[in-house]
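Chemist: Given next are the chains, with one letter for each unit.
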Amino acid sequence: MFSSPTPAPGSRAIAGAALRNAGLIDRDAPMRDLTDKPGGRKGSSKIRSHRPRAIDAFKDAPSQTRMLSSRASSSHAGPSDPLSIRGASRLTPAGRLRRPAILSTSVSGDTTMRVTSIRASRTKPVEGWRDVVKKRYNPETGFLNLESLIDDELVKKFGLVPPGHGGDSRDAAVIFKLAGQLVPKVQTLSLAKNNLQGPHLQHLSHYLPHLANLSLQDNRLRTWRDLDFISSRRGKLLHLRELVLLGNPIREQSFREDNGQRYKQEMAQRFSSLEVLDQEAITQISFDLPVPSSTPSAKPTAMTFPYEMGSSFVTGVDGSIVSNFLIRFFNVFDNQRTALIDAYDPNATFSFSANTSIATRARIQGLHTSAALPNQTKLNWKPWISSAGGSRNLTRISGGFDRTVKSLHIGAPDVVKTLVELPGTKHDISGPPEKFCLDSFPVMHGQGMGLLLTVHGQFTEVGTEGIRSFDRSFILIPAPEGSRAKVNGWDVVILSDQWTIRNYSSHEAWKPGPMLVQALSRQQQASQAPAPAIAIPTPPPSQPQQPQQQPQPQQAQPFDAQAALSSMPEAQRNLVMQVCQRTRLNVRFAIECLAGNAWDVERAVANFEQVEATLPRDAFV
Amino acid sequence: MTAVVPPVVPIVPIVPITSSDVEIATRAADHFTRIYYTTYDSDTRLNDLPQFYRPNSSLTWNGKPFQGVEGVRQLIEKMPSTKHEVLSFDCHPIPGTSPPSLMVTVSGNVTHGRGPAGNPPTTSSRNPEGQPRVFSQTFLLVPDPAAPATKPGELAKYYVSADALRFVG
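Residue numbers (full-length UniProt numbering), protein chains in the order written: chain A, 1 to 621; chain Y, 1 to 169.
In short, the hints are calculated from the structure, not lab data.
Every clue listed holds true.
Here are the simulated EDC-like cross-link-like pairs (lysine to aspartate or glutamate), alpha carbons at most 20 Å apart as the crow flies:
no.: 1; chain 1: Y; residue 1: Lys64; chain 2: A; residue 2: Glu508
no.: 2; chain 1: A; residue 1: Lys299; chain 2: Y; residue 2: Glu70
no.: 3; chain 1: A; residue 1: Lys299; chain 2: Y; residue 2: Asp43
no.: 4; chain 1: Y; residue 1: Lys64; chain 2: A; residue 2: Asp318
no.: 5; chain 1: A; residue 1: Lys299; chain 2: Y; residue 2: Asp41
no.: 6; chain 1: A; residue 1: Lys185; chain 2: A; residue 2: Asp131
Okay, chain A solo, but in the shape it has when bound (with noise of 0.2 Å):
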């Protein structure tokens, strides 16, 4: 299906390339995976095996000026220099000795001489820290080098202490804090060889957040819970591209036990943004990314929605399509599953995901407790957590990669198979409309157009007799002259079907109408409709008088209108705020106005209408 699930011809050469210019790998990390790990590289298949490699780029061009000469330009270049940490004695373009003889004589001028002031005047870590981050950064390519800071010169002469050889989370958060301050940020970050374990990376999201390319090689990270540090499962590093773990326990452990897919898997799954790990390409479907250097719009500052609540909204298709499947569809769902071979596609996918979040609105309004809901507590999670390959809730699958492979049914059999072992349900599709809201609308199919349906609503749990919330979405096609579908019936066929079930909310939370951000204050309830241009009444006598530009809330009444109506559903809430809007009654007034007219805005309206005249002044705001 997609057609390229291995990584690309050339893609490791690409890989590496941007790695090095990058900076992220030097140039004998490859030769050195040949030689040290024959069999490191099971997980990749022989047909990979011929094609180029980063290491022939090398083998053909021994003189890598360009990477050398950028190196170079990075004026500092110390013994933070990449090369120097392992080519011993290779020469740079300007002819220089590397890290041997650097670290015995002098770097260069103008660093000896401001290390010297530094140590002069300056005692503080923190300050010492900053030096050597400083030194080591290359704001032209973006690029911090970090490794192996205990052979730093200045980390020596300041008597510092290196995360990884000593130092812990705090020193090494610190360091990512001075690295944060750079600028232009930070893109790529060297931090091998430094002894360092994963809780050492604790905070390095927090503080380089919008890192592109790190450099872990030749650590100690050993463990999953190591990564989790700087995983995206866990909102760290999200805009991660290439991630270089050679020379950790983690994968060089995985290799020896011959479960090198199984690494690789794994931490694609972990590392969702991840394009190159340890210089191989994975393969991924990209986005457009924002980039960090975006220029910030103004922050958002509207305190009100700018659109209402809408109704439910089908377009592009007859709308007896969509309901006739729907009707059809949920009856067979609650009665008859296995009828539902025939509505589904035979290619066609599903799986069912729980949000067992409890809604705070729902908890407030008390939904889960009601008296006039007794069934709510006897809902269980389990049989929908664990039943027919489980919940394919992505959030929540943490186990493995299999998991969420088995919890995706492919295949009308596999499907109907499933749909019948999960548990049974009662939709009042033929009840109040208002307690479902469908949208739909045509979308592109292949070459083709298909019909996006979303559905939200409610069900009853056969068994407990609890009601629980869903949002389901399918992807339609015409079922196809001849075919099954439409032989038995069915106009529109299952391509995906995606059904969430969630915590019983109820259905005012799609109620058409205005939708307020914040609640209102006591005063911009009493005057939430803009009085209007005639008339404002004057306040009742025992209140002073004000001038006329707001009126005055009613805190003159017994009546508790904000305890009232804070303790009244959404729906009702907005039904009153209408009836005040349209009538200038005032809350207490519309209350009894809608309660005496089944709740219904247009009659409570009209009935005011008649008796207006004969309604006392304080019935008005």
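Following the hints, complete the assembly by docking chain Y onto the known chain A.
Modeler: Frame of chain A, contents of chain Y only:
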């Protein structure tokens, strides 16, 4: 009598979904939902969020339709600030498309404005206004034929071709 040879190739060949497809799709949905809502909740949303869409994208926000990149801009321009919390998401590769379209459904909470903290001090604790809402959002993600893959391992660049959102609790 001549034997009737049945057609060997089905009229509409359907490429079956492999576990590798599922893996890639799951990952893409994970990545997408994270960056989408992070972007939505950021101060730069007006510049950044429309980038996930194309001029031919269709979307509905609580039943109100919008069209394309401009529509997205129009929708979010005067939207109060948001804080989304994804509590559940799911993703299917859609059969019969190659590379497959992805349907992603998301269920979660969204807080608007300043949330409960922004309510007037006299607000009753039983007043649900200002509290998080439950949202349900369905995306159809499709490959952009005009944006060829540029990065190693990249199959295609996807965009939001359809997006339907409702407040549901």
